[in-house]
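Participant: Protein sequence lines correspond, in order, to chains F, L, A and D.
Mapping of the first sequence onto this note's numbering: residues 1 to 176, in sequence order.
Mapping of the second sequence onto this note's numbering: residues 1 to 118, in sequence order.
Mapping of the third sequence onto this note's numbering: residues 1 to 182, in sequence order.
Mapping of the fourth sequence onto this note's numbering: residues 1 to 413, in sequence order.
No lab work stands behind these hints: they were computed from the structure.
Yeah, the Cβ is synthetic: ideal placement off N, Cα and C, and Gly gets one too.
There could be a bad hint or two in this list.
Unchecked claim - Only pairs whose alpha carbons sit at most 25 angstroms apart, straight line, appear in this in silico DMTMM-like list of lysine to aspartate or glutamate:
1. K368(D) with E337(D)
2. K177(A) with E138(F)
3. K155(A) with D52(D)
4. K177(A) with D143(F)
5. K77(D) with D57(A)
6. K166(F) with D57(A)
7. K256(D) with D57(A)
8. K112(F) with E154(F)
As the list claims (entries may be wrong) - Negatives, chain F to chain L, calculated, CB over 10 angstroms:
9. W39
10. N43
11. W46
12. S70
13. Q107
14. C149
15. K173
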Amino acid sequence: MGIEKRSGNLPIPDDQTNSTTKTGNMGVVTARIDDIVNWARTNSMWPMLFGLACCAIEMMGAQAANYDMSRFGMELMRASPRQSDLMIVAGRVSRKMAPVLRRLYDQMPDPKWVISMGDCASCGGVFNNYAIVQGVDEVVPVDVYVAGCPPRPEALIHGIMTLHEKVKQERFKLVG
Amino acid sequence: MDIELLPIIVLIVLATGLAILVVGIGHFFGPRRPTARKSAPYESGMRPFGPGTRRMPIAFYLVAVLFILFDIEVVFFLPWAVVFRQLGLFGLIEMVIFIVILLAGYIYAWKAGALEWE
Amino acid sequence: MDDSTSNMEHNPTEFELNSTVQRMVEKFGARVEEFRGDPTLEVRADQIVALCQTLRDIEGFEMLVDETAVDYWPAEAPRFHVIYLLRSVSRNQTLCLRVPLDGNEPVMPTMTGVYPNANWYERELWDMFGIHFAGHPDLRRILMPHDWVGHPLRKDYPLGYEEPQFTFNYEQIQARKLNPKD
Amino acid sequence: MEEMILPTSEAMLDGMTHLVSERALEGETLLLNMGPQHPSTHGVLRLLLELDGEKVITVIPDIGYLHTGVEKNMESKTYLKAEVMTDRLDYLNTMGNNLVYVLAIEKLAELDVPPRADGIRVIFTELQRIASHLVWLGTHALDLAAMSVFLYCFREREIILDIMEMCSGQRMMTTYFRPGGLWRDVPSGFEDAVREFIKIFPARIDEYEALLTRNPLFLERVQGLGVLTKENALRWAITGPMLRASGVGFDLRKAKPYSGYEQYDFDIPTQTAGDTYARYQVRMEEMRQSLRIVEQALNKLPYGPVRSNNRKYVPPPRSELGVSMEAVIHHFKLWTEGFNPPAGAVYSAVESPRGELGVYLVSDGGPKPYRIHWRVPSFDNLQILPMLAKGHLVADLVALIGTTDIVLGDVDR
Numbered sequence: 001m002g003i004e005k006r007s008g009n010l011p012i013p014d015d016q017t018n019s020t021t022k023t024g025n026m027g028v029v030t031a032r033i034d035d036i037v038n039w040a041r042t043n044s045m046w047p048m049l050f051g052l053a054c055c056a057i058e059m060m061g062a063q064a065a066n067y068d069m070s071r072f073g074m075e076l077m078r079a080s081p082r083q084s085d086l087m088i089v090a091g092r093v094s095r096k097m098a099p100v101l102r103r104l105y106d107q108m109p110d111p112k113w114v115i116s117m118g119d120c121a122s123c124g125g126v127f128n129n130y131a132i133v134q135g136v137d138e139v140v141p142v143d144v145y146v147a148g149c150p151p152r153p154e155a156l157i158h159g160i161m162t163l164h165e166k167v168k169q170e171r172f173k174l175v176g
Numbered sequence: 001m002d003i004e005l006l007p008i009i010v011l012i013v014l015a016t017g018l019a020i021l022v023v024g025i026g027h028f029f030g031p032r033r034p035t036a037r038k039s040a041p042y043e044s045g046m047r048p049f050g051p052g053t054r055r056m057p058i059a060f061y062l063v064a065v066l067f068i069l070f071d072i073e074v075v076f077f078l079p080w081a082v083v084f085r086q087l088g089l090f091g092l093i094e095m096v097i098f099i100v101i102l103l104a105g106y107i108y109a110w111k112a113g114a115l116e117w118e
Numbered sequence: 001m002d003d004s005t006s007n008m009e010h011n012p013t014e015f016e017l018n019s020t021v022q023r024m025v026e027k028f029g030a031r032v033e034e035f036r037g038d039p040t041l042e043v044r045a046d047q048i049v050a051l052c053q054t055l056r057d058i059e060g061f062e063m064l065v066d067e068t069a070v071d072y073w074p075a076e077a078p079r080f081h082v083i084y085l086l087r088s089v090s091r092n093q094t095l096c097l098r099v100p101l102d103g104n105e106p107v108m109p110t111m112t113g114v115y116p117n118a119n120w121y122e123r124e125l126w127d128m129f130g131i132h133f134a135g136h137p138d139l140r141r142i143l144m145p146h147d148w149v150g151h152p153l154r155k156d157y158p159l160g161y162e163e164p165q166f167t168f169n170y171e172q173i174q175a176r177k178l179n180p181k182d
Numbered sequence: 001m002e003e004m005i006l007p008t009s010e011a012m013l014d015g016m017t018h019l020v021s022e023r024a025l026e027g028e029t030l031l032l033n034m035g036p037q038h039p040s041t042h043g044v045l046r047l048l049l050e051l052d053g054e055k056v057i058t059v060i061p062d063i064g065y066l067h068t069g070v071e072k073n074m075e076s077k078t079y080l081k082a083e084v085m086t087d088r089l090d091y092l093n094t095m096g097n098n099l100v101y102v103l104a105i106e107k108l109a110e111l112d113v114p115p116r117a118d119g120i121r122v123i124f125t126e127l128q129r130i131a132s133h134l135v136w137l138g139t140h141a142l143d144l145a146a147m148s149v150f151l152y153c154f155r156e157r158e159i160i161l162d163i164m165e166m167c168s169g170q171r172m173m174t175t176y177f178r179p180g181g182l183w184r185d186v187p188s189g190f191e192d193a194v195r196e197f198i199k200i201f202p203a204r205i206d207e208y209e210a211l212l213t214r215n216p217l218f219l220e221r222v223q224g225l226g227v228l229t230k231e232n233a234l235r236w237a238i239t240g241p242m243l244r245a246s247g248v249g250f251d252l253r254k255a256k257p258y259s260g261y262e263q264y265d266f267d268i269p270t271q272t273a274g275d276t277y278a279r280y281q282v283r284m285e286e287m288r289q290s291l292r293i294v295e296q297a298l299n300k301l302p303y304g305p306v307r308s309n310n311r312k313y314v315p316p317p318r319s320e321l322g323v324s325m326e327a328v329i330h331h332f333k334l335w336t337e338g339f340n341p342p343a344g345a346v347y348s349a350v351e352s353p354r355g356e357l358g359v360y361l362v363s364d365g366g367p368k369p370y371r372i373h374w375r376v377p378s379f380d381n382l383q384i385l386p387m388l389a390k391g392h393l394v395a396d397l398v399a400l401i402g403t404t405d406i407v408l409g410d411v412d413r
């Protein structure tokens, strides 16, 4: 008996308030299982250490003390795909690197998400030539695109917050 | 079964229970979708090659054995430390002898170069 | 170009580089060009190794700073020009050598005997231009995937420009683009 | 597609089977991929290691996983548009890339640069050198398990990035230097921000030195590791801190001064041991020297224009557009077709934090560079890694990659 993931159809709320309203009396806290699972997933989503180019330096900047990505549950940059839930494609993906990227994505256990950080990962950016894959969505399914070249650490963290909102929308149906 | 042991039993039961619970939920409710590409060994991004288990140099075994040896030594400290007050001087001397014996072994291993890799 | 540098044995004068160039011209019959104050010696392909050998041993040019190529594509006769940049750290001089090569699949003697660091430069020239270096210890592609066809930096190799996806051509590009879902 | 486990010879070697020794192929020694995705390869560098237990027998680097085809792409863009790509090459030394590209154009077109622009260029290039050394120190110490140094270094780096963003609007990819001067003048708060940084930074370097320099754990890992002799360094065309750590005091800022470096008095730190610790000392001392240069450059910064008034190459200021017709014509020509420098080939080089960064620019008189070759220091510094790493342990290889301070955007271009 497994949980089948089905992406929700609710639009992402503009303001950042949580989509589930709290019940009145707080005697016994009841919550749907979706919310518990999504809450657990969003608050400890470990990114994979996958820095390619300039965006990787900004990702390191986001991980370092000033912007501190670990406030959002991303404490560890796991080196191996086996222990990571989120793949941040930080940098330009060359033709030689695309099969490696696809293999790493496949080796990540479900549930997994992909953030394509920077213009080069999202659409080839400045480099429109033979060597660069024009957009990572030709190789792996992307959940959130973060614009910028390189995006500021706040932009990356905002991308991660958007991903958290997206994950919070997911609904599960029990598979018999 | 006098009452003093009850807390330890409760602790053991809780610890193992929680462990089994967590692993069990993951095992039963977690979806399993093994694909050939996902179960291929991780070779830092490259295609895996060669047999998974290969001949290991003996030096690894040596380091492992030395670790286990001195780890067990530390395990013997724990019960001694608990009743350290009651044993008094006799306990101290006993343990010092125990440590000196193992220290001799340690120094021998060190001088024989077991700790260096080569 | 003469300047006072504290840690150089002696500072070179313009005259000294010219004398080196003159000696090389007499010895190898090289053609000299001057542009923005930097002399460039042009020699034939079979003289280059001997020239670099003498430059390194006698004239004191210890370092091969750079080895690259330029593709004058429509011109068939000397199509590729291989450029060597030598530097003398002790005399603080830089010298540029130029070797014109004919044809589309030129072959050239390797420089790894004189300067070992030419190994990767020549592998990159083979990968990017298709210039074959005879005697190179292990000539294979360095930047492109090992099974790539074609030499990208040649002028007749297309840039590989893909039309970006905007709103007006969204459907055609989306149809052509493979969007894996799993 | 089904991916089954392939036997040793065909699968992973991608055409490198002839390089691997016979012992490795039948499995006596371990063939391991320290591959494109590895925490300590500072980017997507793949090293095929042949290991006898922990000892490294041979290292076969396989680069190209970040090859961006910049040289080919720059041939299809005008000079000014091509400059946007120069930042992405060595993304830790973006100002240095801009500088060498702009100097090449100015040497080709014999463009004059006002002294104020030269002074600001020197300030930014030295700040960028400090920022690059900070990232090197942070990741190098992180690889050797000194986690806190990484966080301290990035704290100072953020101050430098704020200064750069204040002037150019972008933290890293600034494209701030333009042929003939700068994009525009620095804002008013620039001088105080740099003075503030000059005031606090020496104490911060002492903090790093206190953490690492006499730390036995660090010394144990770096002393005597990867010794590079002076002859080998010259034979393999190693430049930069690695060459100076082996005893050759060659620095382009002194040997061939550019942008007014001869006015400032600073010395070139050199060591003779040539091992990883010597390279560490050279780079730490270089940070202090860079700070000295920044201070002198700031004190000597003259007032005046930041762009030359040679209208053939430098667009006129907007104020002139409303007034003179020629300015509008030049403005229109420069921003649509770009400028046409004379035909010819030049080589200009600057001292980047990693070594000699050079540009061989060939122009055929058209608005686009006919051919541009980037002589990058990391390409050579990486070439001797197999020679340095022979016989060391795998853990030492991690320290060696850190000490060569390679940046893969630099290596693969």
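Participant: Which constraints among the numbered hints does this structure fail? Numbers only, ascending.
Facilitator: Of the numbered hints, 3, 5, 6, 13 do not hold.
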